[in-house]
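Number of protein chains: 2
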Amino acid sequence: MNYPSGTKKTNLVVKDHNNIIYKNRGMTLESEINLSNEYYQEMDKAYIYKKPTPIKITKVDYPSRDKAVIKEAFFTIPSTTDYNGIYKGKYIDFEAKETKSTTSFTLNNIHPHQIKHLSNVFNHGGIAFVIIRFTSLNETYLLPAEKLLHFVNNINRKSIPLSFIKENAYLLSDGYRPRIDYLKIVDILIGGI
Amino acid sequence: MNYPSGTKKTNLVVKDHNNIIYKNRGMTLESEINLSNEYYQEMDKAYIYKKPTPIKITKVDYPSRDKAVIKEAFFTIPSTTDYNGIYKGKYIDFEAKETKSTTSFTLNNIHPHQIKHLSNVFNHGGIAFVIIRFTSLNETYLLPAEKLLHFVNNINRKSIPLSFIKENAYLLSDGYRPRIDYLKIVDILIGGI
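Protein chains in written order, with the working numbering: chain A, 52 to 244; chain B, 52 to 244.
None of these hints come from the bench; they were simulated from the model.
There may be inaccurate statements among the hints.
[To be verified] Keeping only pairs whose Cα atoms sit at most 27 Å apart, straight-line, the calculated BS3-like set for lysine-lysine is:
1. A:Lys148 with B:Lys148
2. A:Lys107 with A:Lys118
3. A:Lys102 with B:Lys148
4. B:Lys235 with B:Lys217
5. B:Lys235 with A:Lys167
6. A:Lys101 with B:Lys96
7. A:Lys139 with B:Lys101
8. B:Lys217 with A:Lys102
9. B:Lys167 with A:Lys139
10. A:Lys167 with B:Lys198
11. B:Lys96 with A:Lys139
12. A:Lys167 with B:Lys102
13. A:Lys122 with B:Lys107
[Said to hold, decoys possible] Derived list of chain B stretches under chain A, where covered just means 3 residues or more per stretch with a C-beta under 8 Å from a C-beta of chain A:
14. 94-105
15. 173-180
Glycine residues also receive a C-beta, built at the ideal position from the N, C-alpha and C atoms.
Extracted from the complex, chain A is given alone in its bound form (with noise of 0.2 Å):
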């Protein structure tokens, strides 16, 4: 996306009474997301939430009883993904990413752990899947699991070629309530088709 030169990218609202709709302008994929998890909620549809960034303390201090102030602390490498929750009394879990690159999405976006965890729940039966987001495309693709696994397991690149996410993901369209209605897909996957 092209923006003049000294505008800084900023997160716009869609007004309910605006309808014109600025289809991922300046919107991040995980701002999109939460949004259609909202909307999924309020339509009493799915049960979908972020969980914490995961983060290790390593210095708290008590100024009084109740008052704990974390003065250090660490990111640390997340060993689950971003998302999870439930639909139709299924468990569902994801991880999104974005990336720049127009020919591939670099498996080192993903850490191993966070491959294992999305391995752990597709094995329990649960649905498990990538959205990844092509940002200088604006094309974004909901990756299942076993694709994903399939892909690691067999194929020695470190990079998913967009060949292969077009041809073992599917497109998610871009919508305004909700943004992304991934559930479309989940849908499908749970068919199994």
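Given chain A, work out where chain B should sit, using these hints.
Below, chain B alone, put in the same frame as chain A:
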């Protein structure tokens, strides 16, 4: 439990080659649940894990490109529970709490957001519950979310009497591996008994 004065409560590690089991001695409910979850995972029986502690980060230093240090953060009121995961394809979600009381469990131990969370999980077909340990009695109960919700929505009291828990919850027995075999009770909940 009584400890000789001046002796610090320590978490004894039970070694495999050691036949002595120090039941609960100095081990928190959280540690025992974590060990049980590890055991379930090793046995490939279930995949249940602890969520990161929710915090609000207010100051971060970046001394170098990849090394962020959180300099100020605060513990936030949890909007979800401590544990969730997957068992027999089902979404499992629970909170674990200890109380020193011998007569009741104070409801302000569980935040309203967490009760709402358990309600959401239950309404979407998940298995939701609270594990409550009465440390002074050395009794641990699994209270299904629907029973907790029934109490919260219908009984105008700030704590759940032990008698209600005895009547509506399942007593969890101590074990070695797993320390707390709560999935035995989950099997009953899944069975709908």
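Verification of the supplied hints:
1. A:Lys148 with B:Lys148: violated, 35 Å
2. A:Lys107 with A:Lys118: Since the Cα atoms of A:Lys107 and A:Lys118 sit roughly 19 Å apart, the hinted pair holds (cutoff 27 Å).
3. A:Lys102 with B:Lys148: Since the Cα atoms of A:Lys102 and B:Lys148 sit roughly 20 Å apart, the hinted pair holds (cutoff 27 Å).
4. B:Lys235 with B:Lys217: holds, 18 Å
5. B:Lys235 with A:Lys167: With Cα atoms ~26 Å apart, B:Lys235 and A:Lys167 stay inside 27 Å; holds.
6. A:Lys101 with B:Lys96: holds, 25 Å
7. A:Lys139 with B:Lys101: Within the cut-off at roughly 23 Å; holds.
8. B:Lys217 with A:Lys102: violated, 33 Å
9. B:Lys167 with A:Lys139: Holds, because 18 Å separates the two Cα atoms, which is no more than 27 Å.
10. A:Lys167 with B:Lys198: violated, 35 Å
11. B:Lys96 with A:Lys139: Holds: B:Lys96 and A:Lys139 sit about 22 Å apart, inside 27 Å.
12. A:Lys167 with B:Lys102: At roughly 16 Å apart (the allowed maximum being 27 Å), B:Lys102 and A:Lys167 satisfy the hint.
13. A:Lys122 with B:Lys107: holds, 12 Å
14. 94-105: Since 8 is at least three, the answer is holds.
15. 173-180: As far as the stretch 173-180 of chain B goes, the hint holds, because 4 residues have Cβ atoms under 8 Å from chain A.
Taken one by one, the earlier hints fail for this structure at numbers 1, 8 and 10, listed in ascending order.
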